[in-house]
Structures are given as C-alpha cells and as structure tokens.
Amino acid sequence: MQRYILVRLAQGLLTLLVLSMAVFLSSHLTGDPALYLLGPEGTQEDYEQLKKNIGLDKPLPVQYVVFLGNVVRGDFGTSPITGQSARDTLMERLPATLQLAGVAFLLTLIVGIPLGVLSAVKRDSIFDHLGKFFAVLGIAAPSFWVAIMLIMLFGAILGWLPTFGRGGIDHYILPAFVLSWGGMAGIVRLVRSSMLEVLDTEYVKFARIKGLPEQMVIYKHALKNAVIPALTFSGLTLAGLLNGSVAIEVVFAWPGIGRLLLQGITQRDFPIIQATVLAAGLFYVVVSLVVDILYAYVNPRIRYE
Amino acid sequence: MVTASNAEVGEVWWRLAYRRVRNLKLPWISVFIMLILLVCAGFAPLVAPHDPTEINILDGKLAPGENLNYPLGTDILGRDMLSRLIYGARTTVFISLVALGTGALAGTVIGLVAGFREGWFDAITMRAADAALGFPTILVAMVIVVIMGAGIESIILAVLLTVWARFARMIRGDVLSIKGMDYITAAKIAGVSMPMIIWRHVFPNTVNTLMIITSLQVGQVILLEASLSFLGLGLPVGEPAWGIMVSEGKAVILDVWWLSLLPGVAITVVVLAFNYFGDWMRDALDPKLRRL
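Residue numbers (our numbering), protein chains in the order written: chain F, 17 to 321; chain D, -2 to 289.
These are computed hints drawn from the structure, not numbers from a lab. The model shown is predicted, which means the values in this text are computed figures rather than measured ones. Take these hints with a grain of salt, some might be off.
With a straight-line cut-off of 20 angstroms between C-alpha atoms, the simulated SDA-like cross-links for lysine to any residue are [claimed, not checked]:
1. F:Lys148 <-> D:Pro24
2. D:Lys247 <-> F:Ile173
3. F:Lys148 <-> D:Val262
4. D:Lys58 <-> D:Asp48
5. D:Lys247 <-> F:Leu177
6. F:Lys148 <-> D:Tyr273
7. D:Lys247 <-> F:Met165
8. F:Lys236 <-> F:Ser209
Using the sequences and the accompanying hints, generate a full structural model.
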C-alpha cells in the first residue's frame, strides 16, 4: 500500500515537473521575454539592464531552477498587462472555478446515480429509454453549444434564469448543469450496468426470497455494491470538469481561471499563463492521487499488487 | 466469416450479397451519416452550392428556407450556411483523420514494443500513457498553442498527444497475452528477429483492437477539435470550421439563431453516428470489451 502511494506520488510530481518545464519554455520558445516585457519603447540600454535584472543573461537551466524556486514559493511574477501579481489574480479567480466545479460534481452524483438505478430497476421502461437518450446525447453534444442553446432558451426566450456572471444560486444552475452533463451520462451508464449485474447475484436473490421489501433490497443490498465503480469513475469526472470548464466559463462569462487562461493566451500574458496552467495541473494531480488512494482502499486487490 | 450454406447455393449473386450485408446488422443510420460526411469532405467544391467565404452583404441574415438559393440560410455577412457546413465537414474530417492516424500509429508502435520487450521501455511509456490519459486535454492543447501559436498543427498535435496513450495501453495489453502463444515461441526458436516477429506474428492479431479503439475515439477527437476551434485556438476566425461557426453565432443568438444552432447540430449528429458505429464495431468484433 505504501509503495503504491509512493509510486503514484512520484508520478504526480513528475507530471507537474514536465508541465512546469513546458510553461517555462513557452515564454522562451515564442520570442525574447525581455523584449516582450520591455514593450516597443525601450532602448538598448534598458534592454540589457532588464535582462540582467530578471536573470535572462544566465544559461537556460539556471533560469529554470530559479523559475521553479519562485513557483514553489508561489511567486509567478507580475503580469505586464495588468501590472498585478499573477498569484493575486489567480487567487481572485480560483474560488469561482472551484465552486462551479464543486456544484457540478455534486449534481453529477445526485442526478446520475438515481437515474442509473432507475434505469436498471425499471429496465426497458420509458425511464430506461429516456435515461439512455439523456446519456447518449450528453456524451455526443459539445458542451459549449449546449450552453449557448440553453442560454437562448432559458435566458432569452423564457427569461427564467440569469445567463452570465456569478451571483446567487440561480446563476449556478445553467453552467453547472452543462458542465456536469457529460460526466452524468457516464455515471448513468455505469451505475445502470453494474446495478443490472448486482441485481442478478445470489445474495440479492436471497434477500428477495427472505421477503425483504423491494426498497430495502435495492438500496441496502444492491446499490451499495453497484456504486463502487461509479465512485472511482467520478474521480475521473472531476478531472474532466477542469477540461470542460474553460469553454463553459467563456460562454457564461464566469470569472474563473479557465477564462483567465484563455485571456492570458490571447494577450500573451506569460505570468498569468504559467500561474493558471500550474494551478490546474496541481488540482488534477492532487485529485487523481486522492482518487487512486481511495480506490486502493476500497479495492484490496490493487493494494497488495 | 460466413460460409455459403446450402440455402445460399444457387442464389443470384446480388441476393446473396444483400443477405450477407444484412447479416452484418450494420447500424445503417450511422453508416449513412458517415457517408454523407465523407462525401461532403471529399468533394466539398462539387457539393457546395456557393463559395463558403464569399461575402454578400445584401443577402445577409437570411433564415433557413427564406430564400431557396440559400437552403439553410446565410450568416451576417451573407455567406451561405450550407456551403460553410459542407466545408466545415472537410476541416473536421481532415484534422480528425491526420490526428487520429498519427496517434494510432504512434500508440500502436509504442504499445507493440512495450508489450513485447517489457522492462524499462514498458515502464516509462506506460507511466507516460497513464499521465496522458487522465490529464485535461484542453490544458495540454492550450500549452501547445502558447508554444506553437494557434493553428491546425497545434490542434493536431494536441489531439495526437492525448490519443496515442489509449492505443498504446490497449495494444500493449493484447501483446502481453499474444506473447505467450506457442507460435511466438516457435518463431523465436527459429531465429526470427524481433521486429519481424512483431510485424508478422503479433501485429496482425491486434488489428481488431486497433479498429475498435479507432472507431470509439473518432467522436472524442471531433469534439476536442470543435472545442479548440470554438475557443479560437485553431483555424483563424472566418474559416469554415464547425466550432468557429458556433462561436460566431454566440453574440447574435437571438437575432440570427441558426448561426450557432446548425453547426452544433452537425457536430452532435456526426459524433452520435460515430459513437453508435464504434459500439457496433466493438460488439461485432470483440464482445469481451463491451464495458470499455
């Protein structure tokens, strides 16, 4: 078990290291950082002075080590566009993304698991077919497009829900739903198939023969076993939320780090890019580490491998 | 393969062919949609009624059906929607084909070698594959765009970097089980070189898996390409790509609703078709993988 966690931990650190190299190189491969920081009005002397000030006259590996040291201390430098510290900007935007992802994740589980159970218990009924349709569409429809269509329907035509920015609970409904739909679809399918499998086992048959009420059989005996694969899958979903949130944040004008990153890319704001990419990478690595450990915990076969 | 039964002997050839095709239980709607997509992509200049980039301000904002000269309407600049959708199909097919093709090739080669040799090569590539499989693809794509700039090459590289891992993982799994077969041992004893064993004896047995993963991946690749185009990280604005078209319609959705609606429908329908086809292929070729 310890060995397993250590290996995963090393793997996660390595991923972050590769990512940090990529973002470090990104500012060097795409032009001269000093020239870029200086702007068009700088003189030759200013240029040399700036190079010395920020350590650009040193060899690349040395610069990387300095960069890494700063990053570990949480210093990403100052954005030349806004003049603000990239860390402060990141911290300002991070809660919005985490809240949206959290709500979407809860929605995935709260809607996905019951829908999967319903599909399995009432197999081939109208619920099953509707659930299947919902799942298949959730996987195939691009989320950014679904978002725009829902904004048109609920925001503009019906006027029921706010369509942009952050605010009360009603602001979360549309973006959280769109963000969670893909993962929800996966959970519905997974819970349905594992539930069908479990409902066919001897112990469920025995519980029924014993005369337990159907509710009890399903929720106490079947669901507990059927939900394990869904929970491990939900860890992957959490990482996937990060993926989807860039487009969703753009469409709903959500002030999170996805939009910050896209903005950073279009403005070539390297401190912002580096801060957001590394923060997102850290989030992903931590989440998948936690999921792996939980998985090993519930599944002893992995633990002793 | 189906062998000719007694009932089939003496039948007219076309009836026999018909029966055999029917026995495949192909998902016909999916196949039909895929064919339309491929025809649109391959013969875009012949199929499209107009030039997709030709601007006709006077004919701008025509709704679908309003003017039969433009069956699916026009955008704000008066460009024909149908032609733009058809050329968009070309963009989608081109990017998916190149990205998926190179991804499949790289992943297969890595998977074959990793599975056959094991040891350090296996350990390194499989750890890398695990990382690539889970890592947020949009993030990878955005880092690539920062380094290489927006463009088709960036999108292809981003898709490639995420797609290879699934091929490598699955093919490696296949190779591990094939490797223990007697005919591989026999080839080794006969002194056949490793590349030759892999190419002649191992690879042909992984083709099924290869086809299944490819067909299951197409939908994902199309969606990824569309998202990147939508975010403006791919082709320049104005080019006919479905993701860009959805994005162009975003601001004027109330006024010109079909601008975003139509390309989105196109993406959804095409991805649905490929997903159904992938499911069919998996069930037909390898029922063991049903829960992939």
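Consistency of the hints with the structure:
1. F:Lys148 <-> D:Pro24: At roughly 17 angstroms apart (the allowed maximum being 20 angstroms), D:Pro24 and F:Lys148 satisfy the hint.
2. D:Lys247 <-> F:Ile173: 15 angstroms, holds
3. F:Lys148 <-> D:Val262: Holds, because 19 angstroms separates the two Cα atoms, which is no more than 20 angstroms.
4. D:Lys58 <-> D:Asp48: 17 angstroms, holds
5. D:Lys247 <-> F:Leu177: 18 angstroms, holds
6. F:Lys148 <-> D:Tyr273: 13 angstroms, holds
7. D:Lys247 <-> F:Met165: This hinted pair holds, its Cα atoms lying about 9 angstroms apart.
8. F:Lys236 <-> F:Ser209: This hinted pair holds, its Cα atoms lying about 18 angstroms apart.
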